[in-house]
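My request is simple: use the sequences and hints to build the entire structure.
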Amino acid sequence: MTHTKSNTLLVLVESFFRDYLKNACGASHHTVRAYRDSLRLFFCFLADYKNGDVASLRLEDLHVEAVTAFLTHLEVKRSNTVASRNYRLAAIRCFFKHLIRHDLQRADQYYRVLAMPLKRTHVPLATYLEPEDVRLLIKQPDRSTSSGARDYALLLFLYNTGARISEALSICANDLSMIKPQQVRLHGKGNKDRLCPLWRDTVKALLLLPNAQKGKHLDPLFCNRNGVALSRDGAAYILRKYVTLAAKEAPELKKLKITPHVMRHSCAVALLQAGVDITVIRDYLGHASIATTNRYIMTNLQMKRDALEKFWDQSGLSPSDSKPWKPTPDLLKFLTSL
Numbered sequence: 000m001t002h003t004k005s006n007t008l009l010v011l012v013e014s015f016f017r018d019y020l021k022n023a024c025g026a027s028h029h030t031v032r033a034y035r036d037s038l039r040l041f042f043c044f045l046a047d048y049k050n051g052d053v054a055s056l057r058l059e060d061l062h063v064e065a066v067t068a069f070l071t072h073l074e075v076k077r078s079n080t081v082a083s084r085n086y087r088l089a090a091i092r093c094f095f096k097h098l099i100r101h102d103l104q105r106a107d108q109y110y111r112v113l114a115m116p117l118k119r120t121h122v123p124l125a126t127y128l129e130p131e132d133v134r135l136l137i138k139q140p141d142r143s144t145s146s147g148a149r150d151y152a153l154l155l156f157l158y159n160t161g162a163r164i165s166e167a168l169s170i171c172a173n174d175l176s177m178i179k180p181q182q183v184r185l186h187g188k189g190n191k192d193r194l195c196p197l198w199r200d201t202v203k204a205l206l207l208l209p210n211a212q213k214g215k216h217l218d219p220l221f222c223n224r225n226g227v228a229l230s231r232d233g234a235a236y237i238l239r240k241y242v243t244l245a246a247k248e249a250p251e252l253k254k255l256k257i258t259p260h261v262m263r264h265s266c267a268v269a270l271l272q273a274g275v276d277i278t279v280i281r282d283y284l285g286h287a288s289i290a291t292t293n294r295y296i297m298t299n300l301q302m303k304r305d306a307l308e309k310f311w312d313q314s315g316l317s318p319s320d321s322k323p324w325k326p327t328p329d330l331l332k333f334l335t336s337l
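If you count the sequence shown from 1, position 12 lands on 11 in numbering that gives the first Met the number 0, and the numbers rise without skipping.
Source of the hints: derived by calculation from the structure; they are not laboratory data. Any given hint might turn out to be false.
Unchecked claim - Quick list of simulated restraints, FRET-style, between CB atoms:
| no. | residue 1 | residue 2 | range |
| --- | --- | --- | --- |
| 1 | Gln181 | Gly147 | 21 to 31 Å |
| 2 | Leu103 | Val275 | 44 to 54 Å |
| 3 | Lys247 | Asp47 | 46 to 56 Å |
| 4 | Val279 | Val31 | 48 to 58 Å |
| 5 | Asp276 | Ser83 | 28 to 38 Å |
| 6 | Glu59 | Ala114 | 32 to 42 Å |
| 7 | Arg199 | Thr243 | 21 to 31 Å |
| 8 | Lys179 | Ser83 | 38 to 48 Å |
| 9 | Val279 | Thr126 | 19 to 29 Å |
| 10 | Ser176 | Thr7 | 45 to 55 Å |
| 11 | Thr71 | Glu251 | 22 to 32 Å |
| 12 | Thr243 | Leu217 | 31 to 41 Å |
| 13 | Arg111 | Asn50 | 18 to 28 Å |
What the hints assert, rightly or not - Distance condition first, Cα-Cα at most 20 Å in a straight line; then the derived SDA-like pairs of lysine to any residue:
| no. | residue 1 | residue 2 |
| --- | --- | --- |
| 14 | Lys256 | Gln139 |
| 15 | Lys191 | Arg281 |
| 16 | Lys76 | Leu40 |
| 17 | Lys253 | Ala235 |
| 18 | Lys203 | Ala172 |
| 19 | Lys96 | Leu40 |
| 20 | Lys188 | Cys24 |
| 21 | Lys215 | Asn173 |
| 22 | Lys188 | Lys49 |
| 23 | Lys118 | Leu175 |
| 24 | Lys240 | Asn223 |
| 25 | Lys240 | Lys215 |
| 26 | Lys118 | Arg77 |
| 27 | Lys118 | Ala82 |
| 28 | Lys49 | Glu59 |
| 29 | Lys138 | Tyr241 |
| 30 | Lys213 | Ala273 |
| 31 | Lys240 | Lys256 |
| 32 | Lys96 | Gly25 |
For every residue, glycine included, the Cβ atom is placed at its ideal position computed from N, Cα and C.
Structural data, given as structure tokens:
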């Protein structure tokens with residue numbers, strides 16, 4: 000290799016993103032940005048760890064002790080969850096696999112990092128809203144205003160499709176199919192597309208958005224007041240605003256942390272409650288594994304309660320003429336004498 004030692008790390012970082020992630024793997028823009036942020040955090044920490052700057056880092060500095068210290072820093076100093084810590088480690092391990100392919104001289108150094116296990120973590124139950132709470136939330140926007148019409152369309156679309164917020168904010172008029180059955184093409188993780196059917200009310204709400212009416216087929220449908228694509232933070236703000244309004248009628252909503260992803264969970268649980276097969280829900284939500292979809296079965300207490308009552312009724316263990324048992328005075332007298 001003709002590159003000097005001072006820029007070898009930079010060369011390998013550039014080839015990792017341009018040649019490996021984008022060209023070889025075909026990683027999406029979201030994946031590239033997520034890996035970029037993880038490595039940026041790691042390199043900045045490593046520079047502080049060595050009391051230097053990022054430009055002075057060498058391949059010799061990328062060892063298992065440094066990675067271990069970085070992961071501890073994430074949990075202790077940055078208060079990251081174990082899940083976030085594991086995600087950062089996954090990005091680092093992917094980069095180190097790339098290093099092995101181009102720097103066999105330090106392969107043993109890199110393999111020690113690859114041998115680091117992910118930390119076990121408890122997966123919390125998914126937060127979701129019952130259908131009546133979603134209906135209350137969706138009716139809050141004032142549809143007589145342009146921003147209210149956009150907000151109504153966004154909330155309805157999220158619940159209808161169970162789309163990730165990034166998927167919802169990237170749709171344009173060209174992704175909509177008005178030929179029955181009316182549907183939308185969602186661009187999901189890993190550059191995978193999927194089709195989702197749309198309710199008539201959802202279609203009507205989407206077609207009222209400015210870019211749909213102007214025939215701007217390649218421009219995002221959900222835009223802010225400046226005509227620019229709505230951001231994730233903007234969507235989260237909109238949702239919080241209407242949750243606050245809905246909480247005046249349903250105070251229990253104040254206890255929940257409701258994010259755009261909660262609308263996705265709510266869609267999944269509603270499909271389960273409607274009796275839709277779990278494999279259909281997997282494809283509907285764009286899950287890579289059925290195990291991810293099964294999480295909603297564990298979450299839905301009402302389904303468990305209905306299953307338990309049905310099991311109890313069919314077991315024949317509950318007598319129809321059962322009467323509550325009451326101890327006699329003699330029995331109480333006997334127990335007292337013990």
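Legend entry - Consistency of beta-carbon spacing, Asp47 to Lys247, with hint 46 to 56 Å: About 48 Å separates the Cβ atoms of Lys247 and Asp47, which means 46 to 56 Å holds.
Inset, instruction - Would you mind confirming whether the straight-line C-alpha gap from Lys191 to Arg281 stays at or under 20 Å? - result: holds (14 Å)
Inset, instruction - Mind checking the alpha carbons of Lys76 and Leu40 for me, to see if they're no more than 20 Å apart? - result: holds (13 Å)
Inset, instruction - Sort out whether Leu40 lies within 20 Å of Lys96, counting only the CA atoms. - result: holds (19 Å)
Inset, instruction - Given the hint that Lys253 pairs with Ala235, test it: the Cα-Cα distance must not exceed 20 Å. - result: Roughly 15 Å separates the two Cα atoms, so the pair holds.
Legend entry - Given hint Glu59 paired with Lys49 - CA-CA distance at most 20 Å: Distance of about 12 Å is within 20 Å: holds.
Inset, instruction - Evaluate the given range 21 to 31 Å for the C-beta pair formed by Arg199 and Thr243. - result: Given about 29 Å between the Cβ atoms, the range holds.
Inset, instruction - Please test the hint of 48 to 58 Å on the beta carbon pair from Val279 and Val31. - result: Violated: the Cβ-Cβ distance is about 31 Å, outside 48 to 58 Å.
Legend entry - Satisfaction of hint between Cys24 and Lys188, Cα-Cα up to 20 Å: Holds - the C-alpha atoms of Cys24 and Lys188 are around 13 Å apart, at most 20 Å.
Inset, instruction - Measure nothing beyond the straight line between the CA atoms of Lys240 and Lys215; if it is 20 Å or shorter, mark the hint as holding. - result: Not OK: Lys240 and Lys215 at ~29 Å, beyond 20 Å, violated.
Inset, instruction - Take the C-beta atom of Val279 and the C-beta atom of Thr126, compute their distance, and say whether it sits inside 19 to 29 Å. - result: holds (23 Å)
Inset, instruction - Take the C-beta atom of Leu103 and the C-beta atom of Val275, compute their distance, and say whether it sits inside 44 to 54 Å. - result: Distance hint for Leu103, Val275 holds at roughly 51 Å.
In summary, the numbered hints that this structure violates are 4, 6, 11, 22, 23, 25, 30.
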